[in-house]
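Colleague: Sequence:
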Amino acid sequence: MFRLLILALVIVAGLLWLADTVLDQPRGLQDVEVQLDHARPRPQGGFYRCAVEKPATLNPFCAIDSVARRFVLAYTHDALFDLDPTTGELRPALAIGPYRETEEHGAPVFEFTLRPDLVFSDGTPLTMRDVEFTATAARGIAAGEVAEATRSITRFEPVDDHTFRLHAESFDGTLGHTIATQFRVVQRAWFLERIGELASAQRVPIPAIGSDEFAELLRQVHLPGPGTGPYRLHGDQAHWPLRDTLTLTQNPHCWRRAEYPMAWNLAGIHLLLDPALNNPLAAMQETVDYVTGSYDFDALLEREPRLRENYRLFTYDKLRQQTFVVIWSCRRPPFDSADVRRALTMLFDRQKLCDRVFNGYARIPQSWFRAGSEFAAPELRPLPFDPENARKLLAAAGPERPVVEIFAPSGVEMFQQILELSVDDFRAGGVELRIRTEPWQRLQTRLADGDFTGGILYLEGHGAVVDPADKFHSKHSAGYGGYSDPRFDALLELASAEREPNLRRERLRDVSRWIHREQPVTLLLYPRARVLLHKRFESVSVGPLGLYPELWWVR
Numbered sequence: 000m001f002r003l004l005i006l007a008l009v010i011v012a013g014l015l016w017l018a019d020t021v022l023d024q025p026r027g028l029q030d031v032e033v034q035l036d037h038a039r040p041r042p043q044g045g046f047y048r049c050a051v052e053k054p055a056t057l058n059p060f061c062a063i064d065s066v067a068r069r070f071v072l073a074y075t076h077d078a079l080f081d082l083d084p085t086t087g088e089l090r091p092a093l094a095i096g097p098y099r100e101t102e103e104h105g106a107p108v109f110e111f112t113l114r115p116d117l118v119f120s121d122g123t124p125l126t127m128r129d130v131e132f133t134a135t136a137a138r139g140i141a142a143g144e145v146a147e148a149t150r151s152i153t154r155f156e157p158v159d160d161h162t163f164r165l166h167a168e169s170f171d172g173t174l175g176h177t178i179a180t181q182f183r184v185v186q187r188a189w190f191l192e193r194i195g196e197l198a199s200a201q202r203v204p205i206p207a208i209g210s211d212e213f214a215e216l217l218r219q220v221h222l223p224g225p226g227t228g229p230y231r232l233h234g235d236q237a238h239w240p241l242r243d244t245l246t247l248t249q250n251p252h253c254w255r256r257a258e259y260p261m262a263w264n265l266a267g268i269h270l271l272l273d274p275a276l277n278n279p280l281a282a283m284q285e286t287v288d289y290v291t292g293s294y295d296f297d298a299l300l301e302r303e304p305r306l307r308e309n310y311r312l313f314t315y316d317k318l319r320q321q322t323f324v325v326i327w328s329c330r331r332p333p334f335d336s337a338d339v340r341r342a343l344t345m346l347f348d349r350q351k352l353c354d355r356v357f358n359g360y361a362r363i364p365q366s367w368f369r370a371g372s373e374f375a376a377p378e379l380r381p382l383p384f385d386p387e388n389a390r391k392l393l394a395a396a397g398p399e400r401p402v403v404e405i406f407a408p409s410g411v412e413m414f415q416q417i418l419e420l421s422v423d424d425f426r427a428g429g430v431e432l433r434i435r436t437e438p439w440q441r442l443q444t445r446l447a448d449g450d451f452t453g454g455i456l457y458l459e460g461h462g463a464v465v466d467p468a469d470k471f472h473s474k475h476s477a478g479y480g481g482y483s484d485p486r487f488d489a490l491l492e493l494a495s496a497e498r499e500p501n502l503r504r505e506r507l508r509d510v511s512r513w514i515h516r517e518q519p520v521t522l523l524l525y526p527r528a529r530v531l532l533h534k535r536f537e538s539v540s541v542g543p544l545g546l547y548p549e550l551w552w553v554r
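Numbered per numbering that gives the first Met the number 0, the sequence shown finishes at 554, counting up by one with no gaps.
Where hints are given, some of them may not hold.
Unchecked claim - Quick list of in silico lysine-lysine cross-link-like pairs, DSS-like style, CA-CA up to 27 Å:
hint : residue 1 : residue 2
1    : 391       : 53
2    : 351       : 317
3    : 391       : 351
As the list claims (entries may be wrong) - Estimated spans, in silico, between C-beta atoms of each pair:
hint : residue 1 : residue 2 : range
4    : 438       : 36        : 16 to 26 Å
5    : 354       : 115       : 54 to 64 Å
6    : 315       : 354       : 14 to 24 Å
7    : 485       : 354       : 18 to 28 Å
8    : 115       : 355       : 51 to 61 Å
9    : 212       : 331       : 30 to 40 Å
These are computed hints drawn from the structure, not numbers from a lab.
From the three backbone atoms N, C-alpha and C, an ideal C-beta is built for every residue, glycine too.
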């Protein structure tokens with residue numbers, strides 16, 4: 000009996016040790032075996048661990064969220080060009096040399112030449128058929144990384160085995176850059192195999208590439224297939240939506256390994272699909288290498304020696320335009336009045352929100368284009384926090400004791416903080432502010448249907464500028480407050496079509512003046528990046544892309 004008791008105690012102790020050391024860790028964190036080229040100039044190995052939201056899809060054609068775009072596709076699927084993390088300048092990727100923009104029959108034509116001997120991560124050569132498929136398959140898909148790059152393309156024209164031309168329907172000042180940086184070439188054969196499987200399962204014929212029926216099946220493909228980037232999805236990720244991690248490992252076939260011998264040294268990237276792990280406690284346990292958010296990092300570092308020992312704090316402005324905004328239902332009285340929208344903007348104490356929500360690490364936007372942009376009209380200043388004048392504007396506009404309901408996506412603490420801190424300020428202006436929360440998908444439907452008065456959102460561009468035409472032109476604005484004015488449509492069209500840089504700059508400055516005057520949205524704040532990063536990474540610096548692991552390595 001005594002022996003059995005001792006054995007039982009040993010087993011219990013072993014199980015407790017196992018729970019403490021293994022079961023308590025996020026699953027999938029164990030480093031996987033990766034074949035590394037140790038003849039490269041810098042040490043190879045180490046995994047970069049980040050906690051992120053679970054993306055809806057990894058399909059390059061229709062991925063819209065920043066996790067899929069920035070943390071997966073940016074590393075697995077090369078575009079024609081990318082941005083140099085040191086200079087921020089456009090540099091060749093799958094394409095070589097500068098691309099050519101010409102004109103045929105009054106419409107733009109973009110010519111690209113591929114670098115030779117490109118190979119996908121499964122060892123299959125990349126051919127012009129893959130490029131043509133990328134250019135034509137997404138017709139019928141409204142939004143997505145590749146869909147945005149190809150939606151204006153009317154014709155694909157191969158010139159030879161390495162050169163091709165993309166014909167677009169109309170001039171747009173940003174179209175060339177969008178195509179260059181978002182045209183991520185996919186493997187045709189892999190996608191056609193997935194489409195065939197879906198068609199067979201649904202007992203429908205395989206539709207023609209580029210048809211609406213093809214687009215419907217294409218949306219149901221959630222993996223990206225083989226790419227040409229420095230990393231690839233590791234192992235069998237076929238059921239990744241059910242997993243709690245995504246792992247990327249070195250792609251030995253990537254052209255970048257020869258082109259940039261000092262780059263891409265990490266063995267891989269572990270993405271923990273649980274945003275709750277993006278917190279300082281996870282950093283103290285060294286579960287993650289990267290923590291960001293509105294935490295008071297300065298106080299944490301002062302208080303916690305373990306954080307000071309293992310992590311460095313970086314503060315910087317993000318390349319991508321990311322702004323907290325409130326959109327107004329511009330088709331619903333009294334919010335169809337610019338005076339009412341201006342008054343409501345004047346009821347947000349943005350400096351208080353900056354200090355209380357972001358610990359002072361945010362900026363108040365001066366205009367649609369952030370400070371420093373050549374497109375920001377230099378004379379514009381944010382509307383001041385002024386409840387007294389807001390009350391006068393509202394009284395002149397007509398609504399008596401207006402009630403404003405602002406919807407926020409549920410589960411996003413910052414949105415609720417901003418609104419809760421604004422309730423008393425709205426009351427000072429004679430306005431009752433009611434806060435409503437809904438799941439994001441339901442809120443998206445509400446916004447598209449116009450069934451709201453206000454909504455607080457996080458406006459994120461995939462570059463330094465968010466194209467205002469995508470939000471405010473009548474043909475796009477239904478889900479963004481429904482703002483519509485034919486004169487503004489004309490101004491947006493002129494700005495998009497203008498090819499002469501100085502004239503384009505002036506057109507876009509006029510656009511920023513219009514948005515400032517009409518206030519179809521209230522631009523609240525854009526936060527600065529505050530990041531804790533583990534000290535084990537070497538050659539880390541903040542560049543135009545922020546913290547970017549291209550040159551990192553571990554000892």
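Colleague: If a hint holds in the structure, say so; if it does not, say that too.
Modeller: Quick rundown of the hints versus the structure:
For the proposed pair residue 391 and residue 53, the alpha carbon gap of about 46 Å is over 27 Å, so the pair is violated. Only pairs whose Cα atoms come within 27 Å are accepted, and residue 351 paired with residue 317 is accepted, the gap being roughly 22 Å. Restraint check for residue 391 and residue 351: satisfied, since their Cα atoms lie roughly 23 Å apart, inside the 27 Å limit. Distance hint for residue 438 and residue 36: a CB-CB separation of about 46 Å, inconsistent with the stated range 16 to 26 Å.
Here the CB-CB span from residue 354 to residue 115 is close to 55 Å, well matched to the stated 54 to 64 Å. A hinted range of 14 to 24 Å holds for the C-beta pair residue 315 and residue 354, which are about 19 Å apart. Distance hint check for residue 485 and residue 354: the Cβ-Cβ separation is about 41 Å, which falls outside the suggested range of 18 to 28 Å. One distance hint, 51 to 61 Å for the beta-carbon pair residue 115 and residue 355, holds here, with the actual separation near 56 Å.
For the hinted restraint 30 to 40 Å between residue 212 and residue 331, the CB-CB distance of approximately 37 Å keeps it satisfied.
In this structure, the earlier hints numbered 1, 4 and 7 are contradicted, and the remaining ones agree with it.
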